[in-house]
Amino acid sequence: MIDMKDKVSIVTGASGGIGSATANALAEAGGAVLMVDLDRDALDVARSKIPHARVETFAADVTDKDQVEAYTTKAVELFGGLDAVILNAGLFGSGYSVGDYPEELFDKVLAVNLKGPWYGLRAALPHLRRRGRGSIVITSSTQGLSGYYGSSPYTTSKHGVVGMARNAAVELATEAIRVNTVHPGMTDTSMMGGLHQEANPDDPQSVMDAFAAAPPIKRYAQPDEIAQVMLFLASDASSYCTGSTFVVDGGLLAYHGGPSPE
Numbered sequence: 005m006i007d008m009k010d011k012v013s014i015v016t017g018a019s020g021g022i023g024s025a026t027a028n029a030l031a032e033a034g035g036a037v038l039m040v041d042l043d044r045d046a047l048d049v050a051r052s053k054i055p056h057a058r059v060e061t062f063a064a065d066v067t068d069k070d071q072v073e074a075y076t077t078k079a080v081e082l083f084g085g086l087d088a089v090i091l092n093a094g095l096f097g098s099g100y101s102v103g104d105y106p107e108e109l110f111d112k113v114l115a116v117n118l119k120g121p122w123y124g125l126r127a128a129l130p131h132l133r134r135r136g137r138g139s140i141v142i143t144s145s146t147q148g149l150s151g152y153y154g155s156s157p158y159t160t161s162k163h164g165v166v167g168m169a170r171n172a173a174v175e176l177a178t179e180a181i182r183v184n185t186v187h188p189g190m191t192d193t194s195m196m197g198g199l200h201q202e203a204n205p206d207d208p209q210s211v212m213d214a215f216a217a218a219p220p221i222k223r224y225a226q227p228d229e230i231a232q233v234m235l236f237l238a239s240d241a242s243s244y245c246t247g248s249t250f251v252v253d254g255g256l257l258a259y260h261g262g263p264s265p266e
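Going by this note's numbering, the first residue of the sequence shown is number 5, and it counts up by one from there.
It should be emphasised that the hints constitute simulated quantities derived from the structure, not laboratory data. Hints should not be assumed to be uniformly reliable.
[Claimed, not checked] The calculated DMTMM-like cross-link candidates involving lysine to aspartate or glutamate, where the alpha carbons are at most 20 Å apart (straight line), are:
{"id": "1", "residue 1": "78", "residue 2": "48"}
{"id": "2", "residue 1": "9", "residue 2": "43"}
{"id": "3", "residue 1": "53", "residue 2": "68"}
{"id": "4", "residue 1": "119", "residue 2": "107"}
{"id": "5", "residue 1": "69", "residue 2": "111"}
{"id": "6", "residue 1": "78", "residue 2": "60"}
{"id": "7", "residue 1": "119", "residue 2": "48"}
{"id": "8", "residue 1": "112", "residue 2": "65"}
{"id": "9", "residue 1": "69", "residue 2": "81"}
{"id": "10", "residue 1": "69", "residue 2": "32"}
{"id": "11", "residue 1": "119", "residue 2": "65"}
{"id": "12", "residue 1": "112", "residue 2": "202"}
{"id": "13", "residue 1": "119", "residue 2": "192"}
{"id": "14", "residue 1": "222", "residue 2": "175"}
{"id": "15", "residue 1": "53", "residue 2": "175"}
{"id": "16", "residue 1": "222", "residue 2": "206"}
Could you build all of it, start to finish, from the sequences and the hints given here?
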């Protein structure tokens with residue numbers, strides 16, 4: 005069983021399905037957690053569902069470097085240090101083809117998904133160095149290793165954090181600071197629910213059913229299934245893992261996409 009006792013973690017995007025499940029998993033393992041999200045109301049709701057004491061919240065915009073510094077400093081003030089950061093905040097955007105994507109929206113997606121993790125990594129480093137070790141986990145996606153229709157900035161940003169993580173892993177390895185990416189496949193979250201609704205407002209369930217049929221496992225992941233991988237990477241149990249891509253997709257990327265024998 006993974007033990008996070010005396011460990012302090014930050015989770016961004018903490019009001020969403022994967023973020024809140026990760027915060028709960030870290031706290032359940034005995035850790036102290038600062039949950040960070042832009043949406044204060046949603047953050048409070050997510051916190052209310054976590055039955056552990058050493059969990060605090062902080063409303064912040066991950067695209068604002070001063071706010072990122074502020075939430076990082078707050079975690080250290082509250083809990084006395086920092087051991088792990090899970091940079092999970094993300095934005096999908098909307099379905100435009102690559103040549104038609106609105107520039108303002110393209111920039112916004114990259115600001116949240118790519119520059120936000122860089123701000124978070126940069127702010128965490130001095131505190132991890134004081135501990136003499138640490139873990140940085142960045143949420144990518146299966147689209148960080150592939151592509152999909154109508155989502156060029158999302159795909160670009162999720163590929164980008166892989167390069168960021170690998171480069172940081174190389175630079176920080178001798179300091180015992182590990183950096184890895186997690187690549188969820190289709191997961192039962194509000195973000196995915198919004199995509200279903202956008203794709204087919206009259207029958208969003210049909211979109212979910214079609215997507216769920218794609219991976220060989222034939223279902224969506226539950227947020228806790230992703231959170232358990234986050235927990236592993238945040239903990240000392242993954243002490244020899246750095247610069248790696250951890251895919252949690254029900255076999256989606258392994259499958260060539262042809263008809264099943266059924």
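Given the proposed pairing of residue 119 with residue 192, does the C-alpha separation stay at or below 20 Å?
-> violated (26 Å)
Would you check the hint for residue 222 and residue 175, treating anything up to 20 Å between C-alpha atoms as holding?
-> violated (39 Å)
Under the criterion that the straight-line Cα-Cα distance not exceed 20 Å, is the pair residue 69, residue 111 satisfied?
-> holds (16 Å)
Taking only the CA atoms, is the gap from residue 119 to residue 107 under or equal to 20 Å?
-> holds (16 Å)
Are residue 69 and residue 81 close enough, with their CA atoms no more than 20 Å apart?
-> holds (18 Å)
Is the hinted pair residue 119 and residue 48 satisfied, with a Cα-Cα distance of at most 20 Å?
-> Roughly 25 Å separates the two Cα atoms, so the pair is violated.
Given the hint that residue 9 pairs with residue 43, test it: the Cα-Cα distance must not exceed 20 Å.
-> This hinted pair is violated, its Cα atoms lying about 28 Å apart.
Between residue 78 and residue 60, does the CA-CA distance stay at or below 20 Å?
-> holds (10 Å)
Pair hint outcome, residue 119 versus residue 65 [Cα-Cα no greater than 20 Å] | holds (12 Å)
Within a Cα-Cα threshold of 20 Å, do residue 53 and residue 175 meet the stated pairing?
-> violated (38 Å)
Under the criterion that the straight-line Cα-Cα distance not exceed 20 Å, is the pair residue 222, residue 206 satisfied?
-> Given pair residue 222, residue 206 is violated - Cα atoms ~23 Å apart, limit 20 Å.
Quick one, are residue 69 and residue 32 close enough, alpha carbons at most 20 Å?
-> Violated - the C-alpha atoms of residue 32 and residue 69 are around 30 Å apart, more than 20 Å.
Violated hints, in rising order: 2, 3, 7, 10, 13, 14, 15, 16; the structure is consistent with all others.
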